[in-house]
Structure formats: C-alpha cells, structure tokens
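Use the sequences and the hints to build the structure in full.
Chains as they are written, first to last, in the numbering used here: chain A, 1 to 704; chain B, 1 to 448.
FYI, nobody ran anything at the bench for these hints, they're computed from the structure. A quick note: this is a predicted structure, and the numbers were derived from the prediction, not measured. Even for Gly, the Cβ is constructed at its ideal location relative to N, Cα and C. Check the hints yourself; a few may be wrong.
Unchecked claim - Calculated lysine to any residue pairs in the SDA-like style (CA-CA distance at most 25 Å, straight line):
id	chain 1	residue 1	chain 2	residue 2
1	A	LYS442	B	GLU87
2	A	LYS479	B	ASN90
3	A	LYS442	B	SER72
4	B	LYS399	A	ALA352
5	B	LYS326	A	ARG310
6	B	LYS329	A	LEU397
7	B	LYS329	A	ASP346
What the hints assert, rightly or not - For each label pair, taking beta carbons as the anchor points, the in silico distance ranges come out as:
id	chain 1	residue 1	chain 2	residue 2	range
8	A	LYS109	B	GLN352	53 to 59 Å
9	B	LYS106	A	THR215	41 to 47 Å
10	B	LYS252	A	ASP398	29 to 35 Å
11	B	ASN187	A	SER135	35 to 41 Å
12	B	THR197	A	GLU692	53 to 59 Å
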Amino acid sequence: MTSENQRIGVFLCSCASKISETVDYNAIIDYLSKNEDLLVEQHDTACLSNGLEFLKESIRKNDLERVIIAACTPKLFETRFKTELQQIGISPDFVEITNLREQCALPHKQWPKEATTKAIAQINAAIQKVSLASSVEKKMFSPLESVLIIGGGIGGLQAALDLASNGIEVSIIERSPEIGGRVRKITRIRGEEDYKAFQELLESVTASPQIKIFTSSEVKSVAGVPGNYKVSIDGINTDVLNVGAILVATGMEEFKPFSLKEFGYGLYQKVLIQSDLVNLLDPEGPTNGKVLINGEQPKKVLFIQCVGSRDSRFNEYCSKLCCYSSIKNAILLREQGIDAAISFIDIRTPYAYEDYYEQARKLGVQFLHGRVSNIEQAANHLSVELENSFTGEIITLDTDLVVLSSAMVVRAGTEDLKEQLGINRESSQKRNFFHPLYRKIKTSESDSKGIFLCGSAVEPMFIKETLTHASATAFKALKYLKYTIFQADLLVSKIEEEACDGCKACVELCPFEAIDFDEAKDLAVINDLKCEGCGVCTAICPTGAAQLTNYERDILFRQIEALLSTKKALEVDIPSKTILAFVCTECAYGSVDLAGINNLQYPPNVLVVSVPCIGRISLLNILKAFVEGADAVMLASCPEERCQYLRGNTIASLVVDFTKNILNEIGIDENRVELFSMTSSEPNKFIDAVREMNKRLNYLIAET
Amino acid sequence: MNEHVTSGPPPVLVIGGGIAGIHVALELGDFGSPVCLIEKAPTLGGKALQLFRFFPTDDCALCVSSSDRLFSRGGFRKCFYRCGITEHPNIELLTQTQLVAVEKLKSEFKVSLERQPRFVDVKKCIMCDKCADVCPVKVPNPTNLNLDTRKAIYLPASQAIPYSYIIDPNTCLFEECAKCVEVCPTNAIDITEERETIEKTFGSIVIATGFEEFDPSPLKEYGYGMFDEVITQLQLARMLDPQGPTKGKLLKKDGAPIKTVTMLQCVGSRDKRLNSYCSSLCCTYALKHSLLIREQEIDVNIAYMDIRTPFIYEDYFSRARDDGVKFIKGRVSHIEKDPVTQKVYVHVSDIQTEEIMDLETDLVVLSAALVSSKGIKKLAEMLGLELDDYGFFPTPGAKESIYTNIENVYVCGAAQEPKDIPSTIEQANAVSMAILRRNAPLQSGEVK
Chain A
1 MTSENQRIGV FLCSCASKIS ETVDYNAIID YLSKNEDLLV EQHDTACLSN
51 GLEFLKESIR KNDLERVIIA ACTPKLFETR FKTELQQIGI SPDFVEITNL
101 REQCALPHKQ WPKEATTKAI AQINAAIQKV SLASSVEKKM FSPLESVLII
151 GGGIGGLQAA LDLASNGIEV SIIERSPEIG GRVRKITRIR GEEDYKAFQE
201 LLESVTASPQ IKIFTSSEVK SVAGVPGNYK VSIDGINTDV LNVGAILVAT
251 GMEEFKPFSL KEFGYGLYQK VLIQSDLVNL LDPEGPTNGK VLINGEQPKK
301 VLFIQCVGSR DSRFNEYCSK LCCYSSIKNA ILLREQGIDA AISFIDIRTP
351 YAYEDYYEQA RKLGVQFLHG RVSNIEQAAN HLSVELENSF TGEIITLDTD
401 LVVLSSAMVV RAGTEDLKEQ LGINRESSQK RNFFHPLYRK IKTSESDSKG
451 IFLCGSAVEP MFIKETLTHA SATAFKALKY LKYTIFQADL LVSKIEEEAC
501 DGCKACVELC PFEAIDFDEA KDLAVINDLK CEGCGVCTAI CPTGAAQLTN
551 YERDILFRQI EALLSTKKAL EVDIPSKTIL AFVCTECAYG SVDLAGINNL
601 QYPPNVLVVS VPCIGRISLL NILKAFVEGA DAVMLASCPE ERCQYLRGNT
651 IASLVVDFTK NILNEIGIDE NRVELFSMTS SEPNKFIDAV REMNKRLNYL
701 IAET
Chain B
1 MNEHVTSGPP PVLVIGGGIA GIHVALELGD FGSPVCLIEK APTLGGKALQ
51 LFRFFPTDDC ALCVSSSDRL FSRGGFRKCF YRCGITEHPN IELLTQTQLV
101 AVEKLKSEFK VSLERQPRFV DVKKCIMCDK CADVCPVKVP NPTNLNLDTR
151 KAIYLPASQA IPYSYIIDPN TCLFEECAKC VEVCPTNAID ITEERETIEK
201 TFGSIVIATG FEEFDPSPLK EYGYGMFDEV ITQLQLARML DPQGPTKGKL
251 LKKDGAPIKT VTMLQCVGSR DKRLNSYCSS LCCTYALKHS LLIREQEIDV
301 NIAYMDIRTP FIYEDYFSRA RDDGVKFIKG RVSHIEKDPV TQKVYVHVSD
351 IQTEEIMDLE TDLVVLSAAL VSSKGIKKLA EMLGLELDDY GFFPTPGAKE
401 SIYTNIENVY VCGAAQEPKD IPSTIEQANA VSMAILRRNA PLQSGEVK
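In structure tokens, the structure reads:
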C-alpha cells in the first residue's frame with residue numbers, strides 16, 4: 001500500500017504525437033494535475049534512450065516510488081521500462097504501463113473526445129492498480145541437479161548423455177533386463193553404420209560415471225514437488241530416488257492385432273506383425289537373418305499396411321513409420337530372392353524416403369492399392385481377399401507369408417504411469433500417447449512442471465527424430481534445473497487462512513493441481529512452485545480466501561470502479577452505452593493490440609481490464625461491472641484447447657453460464673454478458689465481438 | 001584458450017531469423033550464450049509472416065516460445081510482436097545482413113557479415129507512420145501478392161521485428177525527395193546510409209535459413225504465371241489471412257466470388273524432372289487450407305497421388321472428407337483456359353473411376369515443392385558444407401539430425417529438410433543442447 005505522502009508519477013508519452021494527435025494530452029494534464037498526489041510529466045519518445053533518461057531523472061528528482069507510463073502497448077516495452085527503472089530502485093511491480101496507443105488513440109481516431117475520456121479512465125484505473133500493488137517476493141528455486149529417466153531405450157539414453165555432460169546426475173530405470181530398447185535389432189538390420197551408432201550410444205552411457213542404470217525395475221510411486229521428487233522404485237533395487245526432474249522415455253510398441261479376426265494374427269502361424277519379421281531379419285536372431293518359417297523360406301510375402309491405424313475402431317491416427325518399414329524390409333526380402341507385395345491405402349514416404357519407394361518398385365515389389373478384407377489358411381498357402389479400391393472388385397491373392405504393419409501404440413502401463421506422475425489427466429481416449437503441453441511448440445514438456453516427455457512416448461518417431469527429440473527434452477530439463485531465475489517471481493495466489501472454509505473447490509479446480517489440502521488444519525495450501533498465477537482459485541473461492549497477488553478482488557474492483565465512474569463523470573453531454581471488457585493478457589490482448597496496430601476502428605465505448613487468464617474473472621467481477629454502470633460485459637480469451645493456463649477459459653465459460661442465470665433472476669438480460677474467444681492473429685474477431693455487443697445493446701434498449 | 005574468444009560461453013552465430021533461428025537464439029541467450037542472429041530480410045519471422053496459421057494447433061503462425069529469461073510467469077508462448085527478442089540482453093539482432101566470408105580458425109570462425117542499409121535507425125524509429133504518409137512513391141506490395149500497394153518507405157510487416165520502417169532502395173527517390181527525412185520526429189532517417197561490413201568471431205554457427213516454395217512457372221502445363229487463376233499454396237495462405245490483401249475472403253481478381261477451388265498435389269515433388277523427394281508437408285497444409293475454404297462454402301477438389309498425413313495430421317484428412325472435399329486420385333495433365341469464356345479447366349484422369357475429366361474450376365492451387373533456400377549453395381561453399389542433391393542437409397539414420405559435416409556448424413529447421421513446426425522447435429532445442437555440450441558444463445546458480 002502507498003504511504004501517506006506517496007506520490008505517483010504519471011508519464012504521458014505522446015509517441016511523437018501519434019497518440020496525442022487523437023488523445024488530448026493537455027486536457028489530460030489539466031485533469032490529472034488536480035490530484036496533488038500525482039506528478040504528471042510528458043515526453044515524446046519515452047521508449048528511446050532520451051525518454052528513459054528523462055523518466056529516471058524525474059523519478060529520482062521527485063522521489064517517486066510508483067510509476068505509470070501511459071504510452072504504447074505494455075507488450076512492447078514493459079520489460080524495457082521495468083528493467084531501466086529497476087536500476088534506480090523502482091520495484092517492477094510498482095510500474096504500470098497504460099495502453100494509450102494500440103488500445104486508445106489508434107482504433108478511435110474518429111472519436112478524439114471519447115478517446116480522451118477513455119484515456120483518462122484508463123489512467124485512473126492504472127492509478128488504482130499501482131497504488132494497491134504489492135512488491136512481489138522473489139524466491140530462489142533450487143532444484144536438485146539430478147533426473148530420473150523412465151525408459152532405457154535410445155530416447156532415454158540420448159537424454160541421459162546430454163544431461164550427464166552438463167553435470168546432472170542421471171538415473172535410468174528400465175523395465176526389461178537390458179537397456180537399448182526396440183532399436184537394437186532394427187539397427188542391426190539397417191546396416192553397419194546405424195548399428196555402430198547405436199553401440200556407441202550404449203557404450204557412452206554405460207561408461208559415464210554420472211549415469212546410474214536400474215534394469216528390471218519400475219516406478220512404484222512418485223511423491224514430492226517439482227525440483228525435489230521422491231521416487232520409489234520396484235525391482236532389483238528397491239530404492240528411493242531423490243531427483244529434481246523426471247523424463248518419461250517409455251517409447252512405443254507394436255499393437256498386437258489379435259482382435260482383428262479378419263487378419264488371422266495369432267490364428268495362423270504365417271501371419272506376422274512387423275516386429276516378428278524384424279526378429280527373423282535380425283542377423284543375430286533365431287534364424288541368423290534369414291526369413292525362414294519352420295526352416296522353409298517363403299516364396300511370396302504380402303505386407304498389409306494400416307492394420308489398426310487410420311481405423312476408427314482402434315486408432316484413428318496414422319502410425320507414420322510403417323510404410324517406410326515395409327518398404328525397407330521388402331527390399332531386404334528381394335535381396336534374399338523372395339517376392340514381395342505391399343497392399344496399401346496411401347504410401348507415406350516423406351522427403352528422401354521417397355527414394356526407397358522407387359527402389360522397391362525397381363526391385364519388383366508389387367504395390368496393390370486396396371483394403372484386405374479377409375485372410376484364410378489354405379492347404380499350403382494363405383488366401384488373402386483384397387478389395388481393389390479402383391474397381392471395387394475383390395481379388396484373391398495367394399501368398400506364403402503375411403506381414404501386418406500393425407499400429408504403433410504407446411507402451412503398456414502408460415496409464416498407470418500417467419497417474420503416478422499426475423500428468424495428462426485429460427488426455428483424449430483416441431490417442432493414448434503422452435500428451436505434450438502444447439503440440440505446436442512444446443513437445444518436450446508435459447502439463448506438469450518438472451516432468452518432461454522424451455521420444456516416441458509422445459508420438460511414433462523415426463530413430464533420428466527420437467534422438468533429436470531426446471536432446472531437445474534434455475535441453476528443456478537442463479534449463480529447468482540450472483536456470484533458477486524463472487521460478488523466482490511469486491506472482492502466485494495466497495490463501496488467507498482465517499477466511500478459508502475448507503470447501504476444496506480450489507483444490508479441485510486448479511488447472512495445475514498446485515493446491516494441496518491440509519486435512520489436520522482443514523485448510524487449502526498453495527504450492528508456490530506449481531502455481532502459475534492464473535487466478536482460477538481467486539475467481540471460484542466462495543469466501544475470498546484465495547487471492548492472486550496483484551490481481552486481488554480489491555484491485556480488480558477499484559479498476560472497474562475507476563474506469564466506469566470516470567467515463568460517467570466525464571461524458572456529461574452525450575452518455576453512451578459502455579462495455580466493460582475483461583481480456584486475458586495472452587491471445588485476446590494480442591488481438592486487441594493488433595486491431596490498433598492495423599488501424600482497424602471500433603467505437604470507444606469499450607473499456608478494458610486485463611488479467612493473466614480469463615479464469616480469474618468471477619461472477620462478482622461481472623456483477624460489479626453492472627453495479628458500477630456498465631451496460632454490457634464481454635470476456636475475451638484464448639480459444640478452446642489453447643488456454644495457456646490449460647483450462648482457465650473452460651472454467652470462465654462455466655462462470656459466464658452461471659452468471660447469465662443469475663442475471664436473468666435479477667432482471668438483467670443475460671445477453672449483456674458474453675465470452676468470446678480469439679487467437680491473437682484475429683483482431684477482426686475482437687472487432688466483431690464489440691460490434692455484436694453494441695448491437696445487442698441497441699436491440700435491448702429498444703426492448704425496454 | 002584462444003584470445004579472440006572471451007571467457008564465458010563462446011558466441012554463437014545464428015544464420016536465419018525465422019521460427020527456427022529465433023528459437024535457437026532465445027534458448028541459447030537464456031542460458032547466457034551471447035548470440036548474434038542475422039537475417040537477410042528487414043524483419044524476423046521468415047515464412048511465418050505469410051502463413052496465418054500453423055498445423056497441428058490451427059493457430060497463429062507467429063508464435064514464439066516464452067523466453068524464461070524475460071518472462072517469469074504468464075504462459076508458455078508469446079505473440080511474435082511481444083516475444084521480447086529485441087530486449088534480450090544476450091541477443092544481438094542484425095537484419096538486412098548476410099554472411100559474406102568465413103575463415104575457420106582452430107576452434108572458432110572469423111566471419112565477415114555484410115549489412116545492407118536500412119536508411120532508418122532502428123534505435124530511433126517509433127513506427128509513427130509519418131514518413132509513409134508523406135512518401136510520394138507507391139508500389140505494388142509483394143508481401144500481399146502485389147494485390148495492394150505500399151510506399152518506398154514502409155513497415156515490412158505489421159508485426160515487424162525490429163520495430164522499424166525501412167526504405168526500399170530500388171524505388172526511393174532519395175535526395176530528389178527526402179520528404180520523410182524532414183518529417184521524422186526522431187531524426188531516424190539517414191538516406192546516405194551505406195552498406196556496412198562487420199567482422200566478428202564465433203565459436204559455433206547455426207544454419208537456420210529455411211526453405212522456399214518452388215516457382216512452378218517452368219511447368220507450362222499448369223499455367224502458373226500465365227493464368228491469374230493459378231496460384232500456389234503460399235499465395236493461398238496469404239489470401240486466407242484476414243490481415244491479407246483480400247481480408248481472408250477468396251475472390252477473383254474482379255471481386256467476383258469463387259465457387260470452386262481445385263488443388264494439385266506434388267507439383268515439382270516426386271518428379272524426376274525436378275525434385276524426386278516428397279515435400280512432406282503439403283498434404284497436411286493443403287487439407288488445412290481446404291477446411292478454411294469450406295468454411296466459406298466453396299467447393300474443393302484435391303487431385304493427388306498419395307495423401308500423406310502422418311500421425312494426428314490424419315485428422316485433417318478425415319475432417320476434409322467429412323466436410324465434402326472431393327478427392328481425385330490421379331495426375332493432372334494440364335490446366336486450360338478457354339480464351340472465349342475465360343473459364344479454367346483442370347484436365348485430370350481419375351485412376352479410381354478411369355474417367356478423364358475436365359474439371360471446371362475458379363481457382364487452381366498448386367502444392368508446389370518445398371525447396372532449399374536460394375543462398376544455401378553459396379553459404380555451403382563458404383563453409384565447406386556437404387549438401388544433398390537438393391540443397392538440403394543429408395542426415396544419417398541413427399544420429400540426431402542437427403549435425404553437418406563441419407564441426408561446430410549445426411543446422412536446424414526446414415534448412416535441414418522440409419519440416420513442420422513441432423520438429424523445427426525440437427531441432428532448435430537439440431542444437432542448443434549440442435552447443436551447450438560443447439561448452440564447459442554450466443555451474444548451477446543464477447545465470448546472467
């Protein structure tokens with residue numbers, strides 16, 4: 001809280017008059033100067049070095065502790081301003097950037113008077129925010145510099161080497177008696193260079209003193225917090241490992257298609273799946289690399305693609321690797337003088353793998369477009385019914401051996417592991433692989449901090465993709481363990497113990513499972529290290545015990561009051577309808593900014609309150625807006641499934657539905673509230689939302 | 001220790017400021033490595049600037065992983081314009097810059113970089129637009145497919161980084177005009193600025209030069225460059241962008257609505273005459289575009305040989321079929337335009353029905369091959385890099401795909417081979433790991 005004589009500095013940047021040509025800075029200075037607690041200054045280019053010097057000089061001279069910079073969007077230079085001002089002792093939590101360019105001057109060029117009113121309202125709201133802000137604690141996060149890697153296949157091994165080389169203590173836990181995984185046999189088949197690379201990987205790992213290997217062992221339970229996990233192991237050694245991070249590298253396996261009766265797997269000896277064939281082709285396998293069944297070499301082999309993949313009965317996804325595998329193996333068969341045919345729907349050989357497709361055709365491998373509908377055992381061959389996709393005809397092929405390209409699925413036991421680790425709670429039924437945090441740019445991270453995903457546990461991967469991904473995951477884990485700054489800002493929620501009712505709503509709804517419950521004290525307890533600062537707990541807490549630092553109820557209420565009362569007071573002649581918009585600082589804020597950047601215009605009757613996640617907004621905030629005179633309330637968030645706080649937007653959607661019911665009960669038309677979602681590259685979606693709400697207001701006014 | 005390299009992690013040169021280069025720079029920069037990120041265009045962003053949306057999440061292409069150094073909270077991704085790369089203490093950004101010479105010393109590279117003049121000081125430009133307002137020169141805007149115009153002084157993209165205008169030296173009138181110089185409130189414009197050569201030394205080099213879309217003009221049978229109605233997928237992406245030249249609506253040149261779009265897969269790919277490889281991404285993004293087009297209630301036909309949608313990209317294929325996209329398995333022999341009616345026809349033989357069709361269509365979209373970037377051969381020569389026959393980087397089957405034949409020179413992103421975004425980011429992170437492994441192991445504690 002501010003002290004008695006605390007003065008706040010308000011710096012208006014005109015952006016070389018780009019802002020001030022629409023927003024009347026003289027009027028603003030007049031208005032603000034009436035407040036003795038404010039020091040008001042103006043500059044043309046606050047972001048450039050001369051502006052920054054001016055700011056710092058003025059702050060020093062006037063002994064200011066809290067600062068408002070009314071300028072362009074905070075998203076551009078907030079970091080710059082805060083870093084500069086921190087050099088002269090101003091806490092970054094006491095610096096508030098008010099968006100007068102992208103969200104005021106630029107989109108409201110045709111309404112200079114209203115834009116000026118809006119600017120003053122925004123500044124008043126900022127004054128409230130910065131006066132009530134607390135300086136956020138910094139806590140040093142010291143994770144243990146050790147990791148547990150679950151899975152000793154090539155993914156786990158590569159990650160282990162990368163981490164060990166940077167001083168991390170690594171423990172690998174492997175379910176089977178031997179490390180190396182599926183790829184040992186495959187690289188033996190592929191040739192010397194690949195097998196050598198595999199052996200080198202194995203040797204480097206076994207030779208490293210930083211890496212401990214536990215074979216024939218499994219995870220029994222996981223306790224502790226990110227940075228300090230306690231994992232108990234079941235197996236040859238029953239240890240409890242204390243580690244800073246966990247990497248899941250459990251890999252994939254081939255689906256056993258017993259239930260697809262039409263293929264006869266498990267029924268007929270000469271129906272194999274790809275991994276069975278690999279055993280036969282393995283030079284160190286039971287047949288020394290010769291394809292022999294009961295000592296006999298088949299004359300013809302038929303590969304059948306997409307068994308259990310691209311199939312709504314089993315896995316809708318494409319297993320990606322099987323076209324390449326079948327083609328490579330068919331080439332090997334041709335080299336052994338065996339005829340090969342491949343029945344397929346689409347042949348998928350990306351980039352240079354296309355060359356193998358050509359090579360196979362040149363070697364006489366037959367490619368048959370169609371779906372296999374049935375396989376029967378005849379006297380001394382297999383009879384395969386194939387529906388030719390071109391003609392619709394069903395043709396019958398005779399073959400000696402069938403190899404099914406069965407779907408790649410995640411390893412058995414995955415669901416248990418997900419539960420033990422507390423990740424992927426909402427993974428879709430269709431894809432049982434481990435779900436990364438965000439598939440576009442975050443495939444190494446799970447939805448739980450401190451737990452990382454490595455290799456084909458995430459999706460089917462070729463060998464080089466697995467190794468690359470494993471290195472990427474090791475990097476992310478290394479960053480998490482070595483880089484201590486990022487966890488330090490405690491913009492987290494706090495529970496006021498006296499007010500906590502023990503209802504556990506926050507415990508249930510926290511998207512990060514960051515809230516524990518102390519049964520003895522009947523209190524919710526927030527885990528600082530897991531809290532991401534979304535504010536969902538604050539929104540749904542019935543007693544107000546849970547409050548997100550610097551987005552507490554009071555701060556939001558004062559901002560809402562300041563925005564609406566300022567507008568009401570200043571536009572005496574032509575009162576207009578007012579929309580209060582709660583906007584998440586992630587995607588939605590970007591859209592609002594981009595509207596301004598692209599000079600798109602919308603009416604200036606929208607006043608914005610930004611929050612980290614739309615999940616912070618509660619029934620009370622919406623009602624408060626109406627109480628203070630808003631005619632409509634809109635919420636703008638990231639789109640479905642893209643909430644950066646996992647599901648803040650889903651919770652907000654429930655809150656809005658609930659609020660609509662309440663509004664109807666108290667005689668306020670529910671159409672005055674709406675939740676809109678947008679990615680940030682869709683500023684027109686924001687404009688459309690504003691237009692929609694204004695339309696409803698006109699319509700509603702006509703009704704009453 | 002070589003006296004050229006300062007103590008602490010040796011500096012890294014990242015060549016290419018697209019999604020791959022940006023991520024390597026941010027990750028290494030977060031770890032305290034000094035990074036110099038060079039980009040030959042006036043802004044960072046690469047292809048992402050034009051593509052509107054990326055699969056598999058169908059959201060913004062201009063999306064960057066949050067720097068842990070700059071953002072301790074607030075989500076895991078940041079829109080391009082606020083990713084903070086200009087504020088990062090360990091990253092030096094040099095746009096308009098290319099590598100012109102390299103000398104390999106014992107454990108480092110001495111390089112010469114050439115920076116073309118921007119004529120606008122990035123430290124002073126505040127993007128107020130006053131210069132463009134007074135500029136008398138108007139030219140077709142290549143960023144928007146020449147469908148609209150820009151001035152000789154312009155902002156290279158609405159989310160341009162660095163945040164600065166630039167003068168196009170080919171169309172500016174320079175001293176004969178100089179109106180922008182007078183009107184700039186921060187005196188940021190210097191029309192006498194010259195090309196600059198910068199010498200630097202680096203411990204590692206990362207190649208992140210990306211890819212190009214093959215220009216299908218040589219394939220006369222498709223009419224690209226001859227008929228306005230024939231465009232490529234990249235151009236289509238631009239048209240589907242609500243911030244693009246047609247505000248996201250598909251319209252003919254005269255503004256009339258488009259009723260049918262026909263896409264041709266594998267144009268220049270899987271083609272012995274040109275590139276025998278598969279460009280691997282075009283099936284997925286053709287389907288991605290089809291879904292967006294179907295939202296505008298326009299019919300879509302896709303002529304293909306194989307539909308290649310790995311793993312969950314299969315969803316795009318299923319959704320497209322459910323949405324009524326028509327799939328024709330067959331090769332298109334040629335595109336024709338009736339000189340009288342001006343109607344466009346796609347001549348295709350459907351392998352499944354054995355029909356030969358002349359499909360009337362309003363727009364033809366060619367899924368042109370993805371090829372290596374223009375400057376890669378010269379870059380490879382300078383560094384002694386081995387490329388494959390197509391200008392991409394060959395990678396062994398059982399190693400990470402980030403290494404080149406030269407020690408301490410890495411490759412990531414589509415420069416290595418055509419690649420989607422998730423794999424690009426993975427490679428960027430793997431490159432960062434490899435570079436860290438090369439340096440002395442880090443001590444724990446706060447990283448500067």
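Against the structure, the hints:
{"no.": "1", "hint": "A:LYS442 with B:GLU87", "verdict": "holds (23 Å)"}
{"no.": "2", "hint": "A:LYS479 with B:ASN90", "verdict": "holds (16 Å)"}
{"no.": "3", "hint": "A:LYS442 with B:SER72", "verdict": "holds (17 Å)"}
{"no.": "4", "hint": "B:LYS399 with A:ALA352", "verdict": "holds (16 Å)"}
{"no.": "5", "hint": "B:LYS326 with A:ARG310", "verdict": "holds (19 Å)"}
{"no.": "6", "hint": "B:LYS329 with A:LEU397", "verdict": "holds (24 Å)"}
{"no.": "7", "hint": "B:LYS329 with A:ASP346", "verdict": "holds (10 Å)"}
{"no.": "8", "hint": "A:LYS109 with B:GLN352: 53 to 59 Å", "verdict": "holds (57 Å)"}
{"no.": "9", "hint": "B:LYS106 with A:THR215: 41 to 47 Å", "verdict": "holds (42 Å)"}
{"no.": "10", "hint": "B:LYS252 with A:ASP398: 29 to 35 Å", "verdict": "violated (55 Å)"}
{"no.": "11", "hint": "B:ASN187 with A:SER135: 35 to 41 Å", "verdict": "holds (38 Å)"}
{"no.": "12", "hint": "B:THR197 with A:GLU692: 53 to 59 Å", "verdict": "holds (55 Å)"}
The structure fails hint 10 only (numbered hints given earlier).
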